Structure formats: structure tokens, C-alpha cells
Amino acid sequence: MTAPHRHPSVEIFSMLFSIVYLTCFYMDWAPFRYYPETLRFHLRMTPQDGPAILWYGWVAAAAVVSAAIAVAVPRRLAERLWPAWAAWAVPLIIVVLVLLYERRWFV
Amino acid sequence: MIVVLLIVHGLLAVALLGAITHQAWSVVPRRGAAGTVSFVGRFRTVDSAAYATAVVVLFVITAIGGALLYPQYRIDVRTTLEDLQLRAANGVFEIKEHLVAIGLGLLPTYWLYWKAPLVPEQAAARRYLTWLLAFFVWWGFLVGHVLNNIKGLLP
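Protein chains in written order, with my numbering: chain A, 34 to 140; chain B, 1269 to 1423.
These are calculated hints, taken from the structure and not from any lab test.
Keep in mind the model is a prediction, meaning the values are calculated, not measured.
Positions of the beta carbon are idealized from the N, C-alpha and C atoms, including for glycine.
A hint or two may mislead.
[Claimed, not checked] Computed footprint of chain B on chain A, listed as stretches where at least three residues anywhere in the stretch have a Cβ under 8 Å from a Cβ of chain B: (1) 58-64; (2) 80-91; (3) 106-117; (4) 121-129.
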């Protein structure tokens, strides 16, 4: 039964956003990179332009992919697939995974 | 210009920190009705829902400010930290950028869960979403300030 107060599309967006972001970051994949020394965006790695910023690309990819899927999944299916607590539990798990992965800086 | 942006970014972060901390404290389960007279009691007896939109707006604007400052950080600060072999300082900033990104994705759900009328069955989800965002904001605030002042903090 559909709960009238739930917004499964929005919840899916938030859950997927963190998952897609983590995947992009872990795979070191970004749809574009920004090179602050030359003030230029590139679709591919361009080492001669100095250090790259991938974060903008990760955020953009997470926003676009999760929004597209959230809109595409029918409401009934979304409510059956994800319980309400997943809206906060999935991002929490992603945060724990991020913290575990980033331990590499402290050893 | 970059200094002005940095100061504005810091001031917005202070406002965000205050709003999310009030709200996060207000959703801590209470033991009995006592405690409203004390400073802590008054701190938590706020209209929690009233902070939600302000938190969303402040979070987005502060994140945009941080994103605009990021290129300067990447060129100047990060390379300095690498030269000084301060791996932990780089690490806490890496975590900060991840938490801000995840927080941005969380905002629509957080805002909807705080939208009136508040549904009692969603109280737990509201609480955990708020605490998650509060953790992100506190981490970002402390890391930002420590890194901004790191040359003065080091011996």
C-alpha cells in the first residue's frame, strides 16, 4: 500500500546520489575534469595542464544519474524496493565506507 | 577577492552550524519534561521545523562558496600540505569534500521529511537525517578552520 506522505523518487535520488558519487570517486571516473592552473575543463586526463579537480565531475555525475533513475522508477515499484529507513541508512553506510577507505591518509 | 569569498564562506558556515546544531539537539529524545529552564533546555526547545529551509539554503550556498574556493585550495594549499608531508591534513579535507557532496544529495529528502505537516512515523528518519547533516557540517566547519589556520597551528 502506498503511504501518502512518502516521496520515493526523492528518497531514491538521495540514496543513489551517495552510491553513484562513491562509485565515481572509487573508480576515479569523472565525466569532466577541471584544471585550475589553466582554468580549463577537459573531458579527458590532461596532465600537462597541472593538477586536476575531479570533485565537480563526481557531483555532477551523481546528480544527473540519480535524478534520471529517480524519475524513471515508478512510484509503486520504488516503495516496494526501498523501505523508508533506507533514506538515511544508505547514506550512512556510504559515509562509513568513505571513512574506511580514506583511512589510507592516516597510516 | 578570494579572501572576501573565504570570509563570506566562513560566516555562512557559522550560520549553518548554528541552525543545524539547534535542530540536531532539538530532536534528541527527551527524558521527561524537565530541563526547559536550563541553558541546554532552552537551546533545544526551538521550533525544529523552522530551521529546515534555512539549513538547505545555507548548505547549498556554503557548498557553492567552497566549490569556488576549491581551485585556489588545490593549487596553493594542497601542494603546500603535500610538500610538508601533512598527509592527515589532506585526508581530512578529502573526507570533507565527500561529506559535502553526500550532504548535497541528502538535502531534498531531509527537506521533505521536515516539511509541514510533520508525520510522526517519520520522526526517526527526520532525526537521523538531521544528525547525519549535522555531522557533515561540523566536520566541514572544523576541517575548514584548521586548514585555514594550519600554518599558525604547526610548531
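Could you tell me which of the numbered hints above are not met by this structure, giving the numbers in increasing order?
Of the numbered hints, 1, 3 do not hold.
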